[in-house]
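These protein sequences, in sequence, are chains A and B. Residue numbers for the first sequence follow numbering that gives the first Met the number 0, so the first one is 0 and each next one is one higher. Residue numbers for the second sequence follow numbering that gives the first Met the number 0, so the first one is 0 and each next one is one higher.
Think of the hints as simulated: they come from the structure by calculation, not from any bench. Owing to the predicted nature of the structure, the values given are computational and were not obtained by experimental measurement. The beta-carbon is built from N, C-alpha and C at its ideal position, and this holds for glycine as well. One or more of the hints may lead you astray.
Selected chain B positions facing chain A (Cβ under 7 Å, derived; list incomplete) [stated by the list, open to error]:
1. Gly73
2. Gly123
3. Val125
4. Pro155
Each pair of labels, with its calculated beta carbon distance range [said to hold, decoys possible]:
5. B/Gly32 with A/Ile57: 36 to 44 Å
6. A/Pro396 with B/Trp112: 57 to 65 Å
7. B/Glu105 with A/Tyr260: 53 to 61 Å
To be clear about the criterion: a stretch of chain B counts as covered by chain A if any three or more of its residues have a C-beta under 8 Å from a C-beta of chain A, and this derived list gives those stretches [as the list claims (entries may be wrong)]:
8. 44-53
9. 61-72
10. 137-144
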Amino acid sequence: MAGSNYQPKSKLGQWIEYRLPIFSLIDGLFGSYPTPKNLNYWWSFGSLAGIALVVQIITGIVLAMHYTPDTSLAFASTEHIMRNVNYGWLMRYVHANGASMFFIIVYVHIFRGLYYGSYKSPREILWMLGVVILLLMMATAFMGYVLPWGQMSFWGATVITNLFGAVPVVGDSIVAWLWGGFSVDNATLHRFFSLHYLLPFVIVGVVIMHIWALHQHGSNNPLGIDVKGPQDTVPFTPYYTAKDLYGFAVFFLVFAYFVFYNPNFLGHPDNYIPANPLVTPAHIVPEWYYLPFYAILRAITFDIGIPGTDIVFITAKFAGVILMFASILILLVLPWLDTSKVRSAKFRPIYKQLYWLLVIDVFVLGYVGAKPPEGILPTVGLIATAYYFIHFLVIMPILGKKEKPLPLPESIANPVVKSAE
Amino acid sequence: MSNNDNDGNKDDDVTRRDFIHVAGAGLGVIAVGSAVWPLVDQMNPSKDVLALSTTEVDLSQIEVGQSVTVVWRGKPVFIRRRTAQEIAEARSVPMDELPDPQTDEERVQKTEWLIMVGVCTHLGCVPLGLQGDFGGWFCPCHGSHYDTSGRIRKGPAPENLIVPEYAFVTDTKIIVG
Ligand code: HEM
Ligand code: FES
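One chain only, chain B, in its complex shape (with noise of 0.2 Å):
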């Protein structure tokens, strides 16, 4: 490495110059990395934007059969009150006919309420309701159909419709996020 010939050193030798240049150098990235670093993650979501990441919803103005879409994070989310006939619909799939398979019981607290964030998990479009081949939803985007639990059939969107965390506050009151 050094190649000085003032002390009459090998190049094999370890010096106290190499020393000094790999102490140097590694302080230089570390010092150039903790200062990048506020620039990278000042592009990150703000604490403002992170505060407002939960939503409360009463839920005992929504008929069976019903939808409505309410904003989470900047997203729709879909909360349907399906019918006894969508529910027969979900629950009858076999696995092996699902992309992405999932039973509807994993995808719901309670039965009657489909609870799901509205974004295509093809390239984040917002499907429309009560549409495509199978009774559930379709986006316009790129045509992916989901069904009446939201899981993707057929079309380019890899994933089932995202099921977002929440909680029933009581029987007629979620919390989303």
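In isolation and in its complexed conformation, chain A is listed as follows (with noise of 0.2 Å):
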């Protein structure tokens, strides 16, 4: 990773750099690095995600010491961590809404980069990284969900692996393989309890590419412009380091609230009953986080085939398996999808408008996610899905061509555009 040129001061720290040369590994990541002047409190967000990733495994590696992955004791066993453990309560709620937390932050995280461009040349690989960890994230955190073994659990992880089943021909063998039985269970839960311990190592592995991949071209700005040179530029520390502080500060007296006066206001009451395979909760929600594409997944009720025959090529239930994936995996190819040079949104009116339907867009999916699908709600699932994959796939590349940028101002350091142009 890019090391800097600098030297320890002490006798020892040089005799230590000498052979290994950590310290101006740290200065480069965290000392000196120069970093773009103008960054807002946006760019926070990726420091406080770092920070959210080491809070899981800390209090993640805490309550496997207390708790049993096996279907007699699951529940029994996160009950003793709530109940008997000293500060057990602390470790679980913490873990739990942290789950939430990270979500949030990740989500602004990636709006951000939405927002400024900042996928764009030369930072594809950077995003793409960047959606990799998102795909991971939601693998880690639904099987962390499903440890506790209550109602919610069981029936989300058992709605979920069937999704599966929807493949033609190998369907059933791959949900049979998943579950390594006939339904979600013991073996089941036992599998799912390695890779949620396994996942958050292979998730800090990407981070480390992540960031490599950042110090190579330095972070975009809001402004969405190319750093000039050094008058651009300020170093990481103190400046960024105070202000990413100032960010832990206010993140960790939200995270406290929830943690400390509304525990469980963003899980679901039914895992509080242990999981029972022969009864199905009267009406089951996903978390929070997985809102969205819980719509896109509903969305398509009808068959895809030949109207008017029996010629299905892809059932209703296979074509929402395939959306929903899609609609994360579309945020790989959105460096080509957007054709437009121009990086901030700031510098972009009419995407900027565009942008922020994007953001109603899944709002409104989260909302239609959230509830039964009854009345009007299916219709508006249905739209709103469709909106989501033309902002994507129509609306990106032609507006890159057709929209006319205001003009960018010469540097950073000189943001006033002359008027003459």
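Both chains come to you apart, so use the hints to assemble them.
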């Protein structure tokens, strides 16, 4: 990774640095690392995501010391953590709410990238690694939610693993393979625990590559223009260490509110009922962070085939599954779907509005995902799903060619546009 | 393929070195494959899980109009001793009204006894008995309605409730699986 020319002052430091250049590495990462001087608070969410991951790993390892991944004991051991283990309630509430906090942060982080065009050249790989992190997070949180073995754990796991049954021909074999049995059961719980322990460390690995790619070209910035020279940057320390620490303080206040005053607000009461494979709760919903995707999953209620015949190419169920995965994977190719050279929405008057329309669209999807599919909601879900894909597949390519961007400032240090242009 | 210039071969000649490359790579693929397969296959249902895959049920205590749920392979199996009216309803439905056409006769061994896996063919929830628009089952998860033969009538589920393999050992005893 980008080391700097930093030399430690002490003799011991120099002795170590000569053999393991760790001090210059750290300096290159957080010390003298030149950073655009105009970053706003939306740029704090990257380091916030980092601290959230650390919190999950620390509390998770502690929980694993007291938790038992066996169907006969999983629920009881979770309650044991809550009632008997010293500060167990704290560890579990921090971990459970921490997952939600992590997702809020990462979603803001992604939408920051969408607004300021951070996914554009030369940061495509940086962006794609971010999408990989999102996918890994979703898998991790899904398996974690199964572990307490409550009703929502069990039925969430059942519904989501059954999605793979929609795959033509091999679907049922895939599902039996995922379960290790004929239903979500002991084998399933054990493997989910194993993978839930593993995946966060895989995420750490991808995060390292993400930061490596970031440091290759440095941060984007609210103006979306390239850094022209030292006059455009400040050293990361003390400027952004201080700014990020302030962000941490605010974040931990919000986090603490949930942990100490409203720890089950983001959860579901049915998960305090032990899993029962013979009774499905009346209304099952996924965790809030999956809701927009859940709405996309349910959007297609009709088979796709030749109208008026029985010929079906794609069943409604499979179409939903494809769309749900596509809604995330499409982000991987966004750098090439967006044809505009201008990064920041500040200088793209039409994109700026369509960006907010996309934000609204995602909230609508989230709302539809949370409600039972009744009345006009399925139609709303279908329209919102269609718009989601139209935004990326139709609007982004065309808009980049047609839109007339505002004049870009000369540099970060000199952001005033010469009006003669 | 071969770019080694020490033997003076032309580029399109097949050399012994090409053979070694192909054979080596081929064996490598087989070796890696045979190492990976156990890692993949260990996730499939284990022997004890497979061994538990039949369930015996005594039907003698079940009254007409009553339903019981038994567990088979970790899943609920519905056993319903149907009333004459339920049977008549199931048999009077025209085939073209069914998304997954199947006659009631094809779905039962003995007219009275409807035996099926109680798992919604949509995404696997357990439907509730004696509910829904067709007097059969209703799945609360995403609203699938099944009739008194367990056939899908309305909602997102693509297929009828699955009839497991079962056999009458005696008149009042069945083995599922
Ligand atoms: C990417 C980071 C992680 C995320 C997003 C995450 C998410 C979750 C979620 C949503 C739950 C369910 C909480 C509940 O409702 O009780 C959970 C439970 C659990 N997690 Fe994690 N987790 C992460 C990392 C870890 C790590 C590194 C470990 C280490 C072993 C771990 C161990 C556990 C254990 C033992 C449980 C079950 C106890 C409980 O339900 O509170 N997690 N996780
Ligand atoms: S699982 Fe029954 S309707 Fe979806």
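Structure-based check of all given hints:
Residue-level restraint check for glycine 73 of chain B holds (minimum Cβ-Cβ distance to chain A is 4 Å; threshold 7 Å). Using the Cβ-Cβ criterion of 7 Å, the hint placing glycine 123 of chain B at the interface with chain A is satisfied: the shortest such distance is roughly 4 Å. Against a cut-off of 7 Å between C-beta atoms, the interface hint on valine 125 of chain B holds, since the closest Cβ of chain A lies about 5 Å away. Evaluation of the proline 155 of chain B hint against chain A yields a held restraint, the C-beta minimum of about 6 Å falling below 7 Å.
Remark: the range hint 36 to 44 Å for glycine 32 of chain B to isoleucine 57 of chain A is upheld by a beta-carbon distance near 39 Å. One distance hint, 57 to 65 Å for the beta-carbon pair proline 396 of chain A and tryptophan 112 of chain B, holds here, with the actual separation near 60 Å. Under the hint 53 to 61 Å, the C-beta atoms of glutamate 105 of chain B and tyrosine 260 of chain A, about 58 Å apart, fit the expected range. With 4 residues having a beta carbon nearer than 8 Å to a beta carbon of chain A, the segment 44-53 of chain B meets the requirement of three or more and the stated coverage holds.
Chain A is given as covering the segment 61-72 of chain B, and this holds because 3 residues of the stretch bring a CB closer than 8 Å to a CB of that chain, at least three being needed. Using a Cβ-Cβ cut-off of 8 Å, 5 residues of the segment 137-144 of chain B lie near chain A, which meets the minimum of three, so the contact claim holds.
Hint violations for this structure: none, all hints satisfied.
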